[in-house]
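> Sequence:
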Amino acid sequence: MPLIGVVSLCTGRIEKVLIANRGEIACRVMRTAKKMGVRSVAVYSDADRLSMHVAMADEAYHIGPAASQQSYLCMDKILDVAKKSSAQAVHPGYGFLSENTEFAELCKQEGIIFIGPPSSAIRDMGIKSTSKHIMSAAGVPIIEGYHGEDQSDGKLQSEAARIGYPVMIKAVRGGGGKGMRIAHSEAEFHEQLESARREARKSFNDDVMLIEKFVENPRHVEVQVFGDQFGDAVYLFERDCSVQRRHQKIIEEAPGVNMTFCIFCIMVKPVIYACVNETHLGLINIYFAEVELAITYNPDGTYSMEVSQVFHVSGELQMEGDVTYLWCSVNGVLSRPKLVILDNTVHIFSMEGSAQVDVPVPKFLAGVSGSSAQGGAVAPMTGTIEKVLVKAGDSVQKGDPLMVMIAMKMEHTIRAPKAGVIKKVFFKEGSQASRHAALVEMEQEEGAGEE
Numbered sequence: 001m002p003l004i005g006v007v008s009l010c011t012g013r014i015e016k017v018l019i020a021n022r023g024e025i026a027c028r029v030m031r032t033a034k035k036m037g038v039r040s041v042a043v044y045s046d047a048d049r050l051s052m053h054v055a056m057a058d059e060a061y062h063i064g065p066a067a068s069q070q071s072y073l074c075m076d077k078i079l080d081v082a083k084k085s086s087a088q089a090v091h092p093g094y095g096f097l098s099e100n101t102e103f104a105e106l107c108k109q110e111g112i113i114f115i116g117p118p119s120s121a122i123r124d125m126g127i128k129s130t131s132k133h134i135m136s137a138a139g140v141p142i143i144e145g146y147h148g149e150d151q152s153d154g155k156l157q158s159e160a161a162r163i164g165y166p167v168m169i170k171a172v173r174g175g176g177g178k179g180m181r182i183a184h185s186e187a188e189f190h191e192q193l194e195s196a197r198r199e200a201r202k203s204f205n206d207d208v209m210l211i212e213k214f215v216e217n218p219r220h221v222e223v224q225v226f227g228d229q230f231g232d233a234v235y236l237f238e239r240d241c242s243v244q245r246r247h248q249k250i251i252e253e254a255p256g257v258n259m260t261f262c263i264f265c266i267m268v269k270p271v272i273y274a275c276v277n278e279t280h281l282g283l284i285n286i287y288f289a290e291v292e293l294a295i296t297y298n299p300d301g302t303y304s305m306e307v308s309q310v311f312h313v314s315g316e317l318q319m320e321g322d323v324t325y326l327w328c329s330v331n332g333v334l335s336r337p338k339l340v341i342l343d344n345t346v347h348i349f350s351m352e353g354s355a356q357v358d359v360p361v362p363k364f365l366a367g368v369s370g371s372s373a374q375g376g377a378v379a380p381m382t383g384t385i386e387k388v389l390v391k392a393g394d395s396v397q398k399g400d401p402l403m404v405m406i407a408m409k410m411e412h413t414i415r416a417p418k419a420g421v422i423k424k425v426f427f428k429e430g431s432q433a434s435r436h437a438a439l440v441e442m443e444q445e446e447g448a449g450e451e
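If you're matching positions, the sequence shown starts at 1 in the numbering used here and goes up one per residue.
Read the hints as simulated data drawn from the structure, not as lab findings. No experiment lies behind these values; they were computed from the predicted model shown. For each residue, glycine too, the CB sits at the ideal point set by N, CA and C. Mixed in with the good hints there might be a few duds.
Derived DSS-like pairs (lysine-lysine); straight-line CA-CA distance at most 30 Å [said to hold, decoys possible]:
no., residue 1, residue 2
1, 132, 155
2, 155, 213
3, 155, 83
4, 387, 398
5, 108, 132
6, 132, 83
7, 155, 35
8, 424, 391
9, 387, 202
10, 132, 77
11, 84, 16
Computed spacing ranges between beta-carbons, pair by pair [claimed, not checked]:
no., residue 1, residue 2, range
12, 101, 423, 48 to 56 Å
13, 83, 252, 20 to 28 Å
14, 154, 408, 30 to 38 Å
15, 150, 428, 37 to 45 Å
16, 84, 413, 20 to 28 Å
17, 154, 401, 16 to 24 Å
18, 28, 395, 52 to 60 Å
19, 83, 164, 36 to 44 Å
20, 255, 401, 40 to 48 Å
21, 137, 84, 42 to 50 Å
22, 148, 76, 51 to 59 Å
23, 413, 143, 22 to 30 Å
24, 255, 162, 20 to 28 Å
25, 423, 47, 38 to 46 Å
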């Protein structure tokens, strides 16, 4: 997803800004404001009374108890402080109210500058189906999928069959990895659809889904565009966010590594134009060389991409001790190397394709094992047991669902690490399980051989 930023500046100078956030982002905004000669206003909950951002601010106001719903997410309280402190602008930071359409609109109605995108852009970019239509109209290549209004199980399943498995099921209002499931076959589609819907209802109060082709080992690259209300915009390069866990970013690197000029022209240029149009600021003068792109979708689920133009792209692997580098050049101009760890494998990306390198992966990036010492299944993280799907005496096959956990507001299905018989279930629905706690104990089914 592109990051669209629009600063709505008034004709006069901003003298005071309220930062509707806490922690490091509030401190960063305050440091910048101080350098610009702008006074800062902090808000804080009971839990943050002694926090650094409170001490750094020129003024600080208490807005409620520790629960964010009663403090940092309470729009009325924040707007009251803005008016009481005579702040001309509100900076939302990230998270909390930064992508809240209603809050951006309320600021506008109160005559307070919202330092962020206009409410229309927040709304459109927050709905995946709408944002896909906007990007497609701007010429950005998008993954094949279904984004229609018919949300019946039959329609979604037929569209998944048309697209071809595996498919990704996504909540249209989703974010943060929530409301996303992969269905590898028709047999598991309904289970994954219901799981995604449940999670989306709890997180976003909306269970509308889209279906799109699942891409194996993709790169997650975010394009950043910053604009103002006067028609000026600047491209702030890309962030490569490909290293993730549970669909949530672990490392972000900017500018994107190994973003060759060909990829730039194919993906970044149309995204910039889409962002500028979406903010209703009018086009800006950005000139880049044109390239021709052909994308072929194959029935076996693979994609091939061909770039034709005056660009010559080449890559070379180099070994230096235990480290492998990829040096990629466009028309003889050398770019930086790119090594990405995905699925416990090191992948090297180049314009010609990808390669895998057999080097050790750091233990802290490896996945948590799903089997316990006593031959059962363990909790991969601390969470609440939402559903228990088996009981003592049940026979299960490898991969069968045992429990559904809720952790970090996301559903996680715990599956049998091997075939066997459930000897004991250690947790009930609604109970809390700690990380690495044994969830069930299994024993080998009588007469069955070892795997």
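> For each hint, tell me whether it holds in the structure or not.
Hints and how they fare:
| no. | hint | verdict |
| --- | --- | --- |
| 1 | 132 <-> 155 | holds, 20 Å |
| 2 | 155 <-> 213 | holds, 16 Å |
| 3 | 155 <-> 83 | violated, 50 Å |
| 4 | 387 <-> 398 | holds, 19 Å |
| 5 | 108 <-> 132 | holds, 27 Å |
| 6 | 132 <-> 83 | violated, 38 Å |
| 7 | 155 <-> 35 | violated, 56 Å |
| 8 | 424 <-> 391 | holds, 7 Å |
| 9 | 387 <-> 202 | holds, 15 Å |
| 10 | 132 <-> 77 | violated, 35 Å |
| 11 | 84 <-> 16 | holds, 12 Å |
| 12 | 101 <-> 423: 48 to 56 Å | holds, 51 Å |
| 13 | 83 <-> 252: 20 to 28 Å | violated, 36 Å |
| 14 | 154 <-> 408: 30 to 38 Å | holds, 32 Å |
| 15 | 150 <-> 428: 37 to 45 Å | holds, 38 Å |
| 16 | 84 <-> 413: 20 to 28 Å | violated, 48 Å |
| 17 | 154 <-> 401: 16 to 24 Å | holds, 23 Å |
| 18 | 28 <-> 395: 52 to 60 Å | holds, 56 Å |
| 19 | 83 <-> 164: 36 to 44 Å | violated, 55 Å |
| 20 | 255 <-> 401: 40 to 48 Å | holds, 42 Å |
| 21 | 137 <-> 84: 42 to 50 Å | holds, 44 Å |
| 22 | 148 <-> 76: 51 to 59 Å | violated, 37 Å |
| 23 | 413 <-> 143: 22 to 30 Å | holds, 24 Å |
| 24 | 255 <-> 162: 20 to 28 Å | violated, 37 Å |
| 25 | 423 <-> 47: 38 to 46 Å | holds, 43 Å |
The structure is inconsistent with the numbered hints 3, 6, 7, 10, 13, 16, 19, 22 and 24, although it conforms to all the rest.
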